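Asks: As a plain string of letters, each chain reads:
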Amino acid sequence: MILAAGSNPFIQFPGGAKWSIGFLGIFHVAVGSLAIGFAFIVTVLQLVAYFRKDNRYDLLAKRVQLWHVCIYNIGTINAIGLVFALSGLYPQFWSQIFTQFFWTLIVEETLFLMLATTLTFHYFFWEDMWGHKKLHIFLGALMTPFFFLQFYIINGMGAYMLTPAFAEGKASLWSGTAGILGWDKLAFYNPSFLMLTLHRTAANFAYAGFVVAGVCGCLLYLAKRDKIKAWYETGGRLTFKVAFISFLTLPIIGFFYSWVLKYHAKEAYDNLMIGRGDVVAGGIDWWWTKQLVVAAMIGIGLVFGRKSAKAKREFAMPMAAVYVVSLLYLMFYVGMATQMTWMFLWGSLAAAIIAGLWASHLVNRHGGSGRAVFVTMGILSFLTVCLGGYVREASRPRFVNPSGDAEPGQNRIQHYSSVYHPAERPESIDMRMVRGEPPHAAEVPGRSPLLEIGPETAADLVSSRCISCHTLERIYSYKGTDWDRVVGRMEAYGTRMTNEEAGEIVEYLEGGELQRNTSIDVNDGPTSSE
Amino acid sequence: MGGLKGASWTMDLPVIETPVFPRWVWMEEITYSHIPIATLVTAYMLLAPLFEYIGYRRHDPRWERLSKGLIWFAMIVFSPGAALGTGIPMFIIGTYPEFWSRWANLFFWPLIAQFIFFLVEVFFLFFLYYLTWDAWQHRKRLHIAMGVCAAISGYLVQIVWDSLGAYMLTPGNVALPGVDQPVAWSLPAMLNPSFPFLLFHRTFGNFSYVMLLTGGVLALRYMGQKRKNPDSENTQYFHWAAGTCFIIGFFAFFAQPVIGWFYARVIQREAPVAFMAIMGGHSSPYFIAKMIAILILLVVGGTFVVKRYGSKTVVWAATAGLLVVLLVVMMHPPLMWLGESAAAWRVVSTAVVLAIIGWLWRSRGRGDPNRTGWQWAMFIVGLAGFFAFAMGGFSREHIKSPDTVYGEIVKPEWTDYEADRYLVYQKWLEPQELLPIDLDRQRPESWRSEVGQARRDGLELTDEEAERIITYLEEHH
Chain L
0 MILAAGSNPF IQFPGGAKWS IGFLGIFHVA VGSLAIGFAF IVTVLQLVAY FRKDNRYDLL
60 AKRVQLWHVC IYNIGTINAI GLVFALSGLY PQFWSQIFTQ FFWTLIVEET LFLMLATTLT
120 FHYFFWEDMW GHKKLHIFLG ALMTPFFFLQ FYIINGMGAY MLTPAFAEGK ASLWSGTAGI
180 LGWDKLAFYN PSFLMLTLHR TAANFAYAGF VVAGVCGCLL YLAKRDKIKA WYETGGRLTF
240 KVAFISFLTL PIIGFFYSWV LKYHAKEAYD NLMIGRGDVV AGGIDWWWTK QLVVAAMIGI
300 GLVFGRKSAK AKREFAMPMA AVYVVSLLYL MFYVGMATQM TWMFLWGSLA AAIIAGLWAS
360 HLVNRHGGSG RAVFVTMGIL SFLTVCLGGY VREASRPRFV NPSGDAEPGQ NRIQHYSSVY
420 HPAERPESID MRMVRGEPPH AAEVPGRSPL LEIGPETAAD LVSSRCISCH TLERIYSYKG
480 TDWDRVVGRM EAYGTRMTNE EAGEIVEYLE GGELQRNTSI DVNDGPTSSE
Chain P
0 MGGLKGASWT MDLPVIETPV FPRWVWMEEI TYSHIPIATL VTAYMLLAPL FEYIGYRRHD
60 PRWERLSKGL IWFAMIVFSP GAALGTGIPM FIIGTYPEFW SRWANLFFWP LIAQFIFFLV
120 EVFFLFFLYY LTWDAWQHRK RLHIAMGVCA AISGYLVQIV WDSLGAYMLT PGNVALPGVD
180 QPVAWSLPAM LNPSFPFLLF HRTFGNFSYV MLLTGGVLAL RYMGQKRKNP DSENTQYFHW
240 AAGTCFIIGF FAFFAQPVIG WFYARVIQRE APVAFMAIMG GHSSPYFIAK MIAILILLVV
300 GGTFVVKRYG SKTVVWAATA GLLVVLLVVM MHPPLMWLGE SAAAWRVVST AVVLAIIGWL
360 WRSRGRGDPN RTGWQWAMFI VGLAGFFAFA MGGFSREHIK SPDTVYGEIV KPEWTDYEAD
420 RYLVYQKWLE PQELLPIDLD RQRPESWRSE VGQARRDGLE LTDEEAERII TYLEEHH
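Protein sequences, first through last, are from chains L and P. Oh and the first sequence: position 363 is 362 in numbering that gives the first Met the number 0, straight run, nothing missing. Oh and the second sequence: position 291 is 290 in numbering that gives the first Met the number 0, straight run, nothing missing.
One chain only, chain P, in its complex shape (with noise of 0.2 Å):
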């Protein structure tokens, strides 16, 4: 594959212009309304043998209830979810013809062997999981393999598309190959750097994302019920199911920043301009939003837990894990929001943790976590799980513009802004090793004069590039 770095032809085929919005907002958008269903519908496989097995295991019929509901809705949002799934690679075909065609030359196989694991995830699914629930009430072991059965090919489903979405960001030493170039698969572009870690940050995002939003809306149904009729066989389930699917969520989610300290490594050592992109380059105002969204799940989820389930265990593991999360904030390069001293950044972020930490403790079986305000608290830390999700999702695609793959094929609609500005990243910042917020920080007088000298001083930049970038600087910095 090395030899077939650069693609060599153009591809004539019109790029069809959208109405209304530009093409990419309109991909964004059909592709932001699948992956939430995709991921809901993918998760609740995987968990709801899981819940039925406790339930047969334990002879409590909640688990068996609370899984049965699972599947059900994930019937419910499967059509629209795979109907909205069939529009997309409709329009990247219409709308990013040479990309499509180049990126479908690369990964046939893996398509195909997709389309496969879909059609069998709804065999399983369909016919032998939700289908056969009440007629094999007494093969229950049989039933509960078969929903293994769906996860299982569900999760190839998502295997794939993680696989092929990270190459987008990370291609590796794999060249995306022309329009006339079939090459069917290569294993290096599926395994490309970034594939693990995007595969466990998706997988440990979509259990946390779902069962907080899920438990959230659980809780609102709780109260629907306690309103009407408080000692009911129904309040009571909500009331559990809403709590268990909400804690649940709430660990998954320490296992995010371990995987994402990783991820970021990859991607800095992969795709250096989209490191910092986000980390204090144009794309860092959605980490930002991504991370207050965490801390809204942290501080406010974390109380709802201690309260409810006020046991030292709980409050030692919410500890843990948020020691995890300063042991990923000390380790990660300081963001120095706080101004130019790392040591700052660093002092901060551990006594806010810190102080989060002692927050819970304090709160631990205090209070009435039953009590209609906190139903809602929880709803809301729902939707904030849901929004660093979507927020991560959102900042991955955006951090690697104008290129669609990364380093390999350059989106119809780049600009020369877009253009220029990874220009400056790439051969400006990387090779002085600084921050897209050095820019602004260490301003000097001229532009003009200040590139004349690091050139000088070795930095190897052609006349036009020095140009663009000077002129870059000059009008945004």
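Extracted from the complex, chain L is given alone in its bound form (with noise of 0.2 Å):
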């Protein structure tokens, strides 16, 4: 059965390639990020239990780590079902990736396996090593590092397809160095990478933390005996705490990460901010959606955070840092009223006062219990990350044909028709896989010509040499016009650089280019393919 042929070259998918995977990424992510914030939260309610001697906080960790257990394999499974749909629908992308990534791949591969038998020891020995609490409670602890060092190497690839920088898969042709062989460092720590790892890990630490207050919320609606509903309620309200704690440090992150995407992936930063096309869904903006939520998960967060503390409640949240960075909130959403619509900040304000009122009327209803307000933030994290997630991904140009140009629902790239070919590949590895003519030879589709790599423009020049130090941003906002001075200096800091290409970059500075072309004309269409 060949269901792909001359005219439809793609192995199709129900509700189409890019849905599922899409769905497989998000919901991997969704479980990913929950295992990761899990493993903290229960290395947290450990150390409560330990230094406060009281086992009930190890009873609740015990808990979260059988559903981390549980939902770590359903990670684990969904990640090879994202690997077997991108391999078929996405074969290009996918194995070009691979020749940059194998390695940080193989070595995320690694920590997979340590954190799963870690992960495997901690809670199936738990009984075991009662004796050794405190080694138990290091074995858990590892594996939030273990998780991280995972997360970095998973963020890199993330990052880099947003902002690939000067790493555009030609980079290795200029350099002249041993080509890229599985591993590309300058893809790697692109100008993004950073900023969506400090991101993802508070988000993940938030995410985590809500889910788990979440489930206690639900545990409580269930409990009968008093002493467990204080079970839930006390390790639901250091979980909260925990969360919110985490969630209240996205929006400063979150702003130096869209500052970074304003230089280096300025298209994507205008689909999210302005909103143009492909992310918008049926007329719904899902960032905006994403903020609208963000808003009424701080309404809620602000309100049960004061109630708890005017009742002196156990783990109630230092109320002078929530309104400071409530205040940052505020501040964030009157910049971004300027910049889009005072819709967005009207819309912002009004989530959040009517989350707060509901907060408000669920803790009264349940008599101070916040098991209302758990559960609700816990499903209202959960739309957060997908969200977020989604609007990453989606507000990347898309919808192009393999030259480029846009075409709807045409958003992929034909099986190996440009493949990515370092010219330094060694021809001791070139594989001998055919027998002899086929038969058929002159039947299938012709393939379009190899990737035709230009020369080194001063533009890529600019981009090579100058990021590797700092941001594009730095030559943007540069006001004075000594570019000779400038790029002097820069030598003489130790950017390796020939005399020519000293000359050229300088040339290409003072003549405005860089400024030109980093403010996009929002008419134009997109102009990359994925």
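Treat the hints as calculated values from the structure; they're not laboratory data. Take these hints with a grain of salt, some might be off.
The calculated DSBU-like cross-link candidates involving lysine-lysine, where the alpha carbons are at most 35 Å apart (straight line), are [as the list claims (entries may be wrong)]:
1) P:K227 with L:K61
2) L:K184 with P:K227
3) P:K227 with L:K132
4) L:K226 with P:K225
5) L:K133 with L:K265
6) L:K223 with P:K139
7) L:K17 with P:K410
8) P:K227 with L:K133
9) L:K228 with L:K306
10) L:K226 with P:K67
11) L:K228 with P:K67
12) P:K139 with L:K133
13) P:K67 with L:K61
14) L:K61 with P:K225
15) L:K52 with P:K67
Computed spacing ranges between beta-carbons, pair by pair [to be verified]:
16) L:H131 with P:H58: 35 to 43 Å
17) P:W375 with L:M128: 41 to 49 Å
18) P:H476 with L:F124: 51 to 59 Å
19) P:H476 with L:G14: 55 to 63 Å
20) P:W413 with L:H131: 49 to 57 Å
Keep in mind it's a predicted model, so treat the numbers as computed, not measured. The C-beta atom is built at its ideal place from N, Cα and C for all residues, glycine as well.
Given two chains presented individually in distinct reference frames, assemble the corresponding complex, making use of the accompanying hints.
Replies: And the structure:
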């Protein structure tokens, strides 16, 4: 059965390839992030239990770790599904990514195995290690750095897809280095890597904390004995506190993240902030939706925090800090309103106020218990993770055909129509795959010529040389005209370039090309492919 | 699919080299780490609901304890096994990119189906079988049904992988599509000639080695408990569980020679070069090692079984199993390890099997099978079972060398030696109905004149092929 022919050169997937990858990707992120957060929450609970000598927290930690074991395998299998789906649906992209990130992925896999083993030992030998509590806590705590290393690797790849900077495949050809065979450092340490990592770190802690609190909330509804209720209430409050503190750091990191996008993925930035076509589905802008959910979470968190503090409940939040960060949130919304539309501010304020009032009602209704608030925040945090992941992926310019022209419905590159082919690939690994000329050689669709690598332009030089120390924003915002002196200083700082290259860069910067290139006309169509 | 024979385009992606060891060593290291875990989990999942059901029907809590113990252990190794499994495609994509792209082009939907089965398996195994064990004590049938669902989904995963793995040895008439030919799936490729035989061979192989090894490990635990407290409930349980698992594993083995014989016949027809490689060719040492492990399993394991369960029924069952083994040996093309005489091979193998049968009848009910030495013997038999299983998989992969998919794609690191050896099997031995061992037994004065004479007698060889064959034969035989 051949499902792909000349006019239809892809494996088809019900609902579309984009949908399947999006679903699997978001599902994996939702589960993976939860796993990372769970590991952290378990350690926090175990430490609280150890220092307070209160076994209830240890029991809750064990319960959370059991959920962790269960969802961990779902995440693992989901990752396998993602690998298979990408292999068949986006074969060129996926193969190409491996030429740049093979070793990173292998390290990630090794960490994955170490994590799986550690997690298994930590949970299944909980009672056996009762007499070695410090060692047991250490074993659990070990998972957080392991997770972070793994997460760090995936973020390098994920961030590269949004801000490839100058490592767009052809970088290896310019460099004259040994070529890229599985590890592309320049691509990995791309401009948005750090911000994405920080943003997702805080988001994961917040998400997992809210989910644990949410599950505690659900169990509170089901619990009948007062002792058990008190246990879930306190556990929920502790994890809610950890989550909300992490949550409050998000706008600060997010601000710098979007700042990086502004200079290194201008089109994606515009798509996010203004919303152009492909981030609007059914008339709803998903990024806005996410911001409204975030505003609602702030409202709920503020009201719940204030009520807890007033009632002097255990694990109440430091309200001064909450107010300060909420003010930052407000400033962020005002800033966004000035750039976009004031509707954004009013909408967010309305969401925060309505959610706050609703939280107040819920707390009163349950006699001061946070059960309903916990459940609500768990659901809302899940929504923000899904929406955040989706908008990051959807903000990239898409819907282009292999020539780079916009074409609705066309969002994939034909199988190996233009493969990544480093010129320095050693001939010794040329593969002898074909035994004689097959009879159908003339029947199969013709193949597009290989990617033509053009000569390195002055813009490429600026990207590759300057960005190794600072972002392009520094160049863009420089008001002076003494580029000759600036470039000379950079050489003195250690930038490696020939005199010819330095001259080319100075000429380019003096011409003001960079500034013109950076301000993208919103009427332009997408120009690059996935 | 017939029109797609052969691949039209090669792929320009770089092949990533690995440090320390060649790629294939790393590949096999990762794969052979994953397979024992996966097979163990699958066998445990298939047997646990059955054991639980037996316990439920007989009101015997030992079966339930054994069943729960199997699942508990499966849960422990599941996560590391799944993590290793995720690494396999990752590693292949980077180190064997063309193979993966073409293979994924042919099997996209089976791979997706496997992913869904895997997800369903986790759902049933973790959430509805393991977590509900105590809570559903009074809903035993429902709980067992959940275990059956987990087992079915786990077995479906194995079915998909066996189908895809069997294709690599016997692709039948389905060619591996090119990198730019996204076929998505092919039923004839999935139902390739050796698929059912590989599936059943591996299923019974799993049951056999997993239960023998489990029996061996439980025997060691029995030994430990006996030392602490000989009359405790734990000691009695481990004594019972070790023997039960061991005897299940021992008798599950006897299906293997029969299925294996049919499997070998299919390989002989569909992948003759691979068949020659294992029957006297370059992979025969692995096959011999496997046979030695099986011999240990039969003699030591059989002796223990007839000592422990001395009833005539058990000894007759073992005798019947051994006679089946003998029948297979008789029908199998003679390996002639004892010289050129097929009769000598048959007489000696008959004598050996009859001697084992005689030994088993003599050992029936004699001695004390609860002694420490026998517990260790059980463990060693378990290891021998595992070794036989591992050797089977290892030789299955190696017999098609230097092909990755038999007759379809060559591994990137192929050597001239491997390619020439393949050519000798294919173009020199097969048309003349010779065996690899004949190259040494019937060594002529001059290979050049021998090949020349064969060509004059009608053997079809190009000049280049003839020269490669002569060079290979002169250098190695």
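Asks: Which numbered hints are broken by the structure, listed smallest first?
Replies: 2, 4, 5, 12, 17
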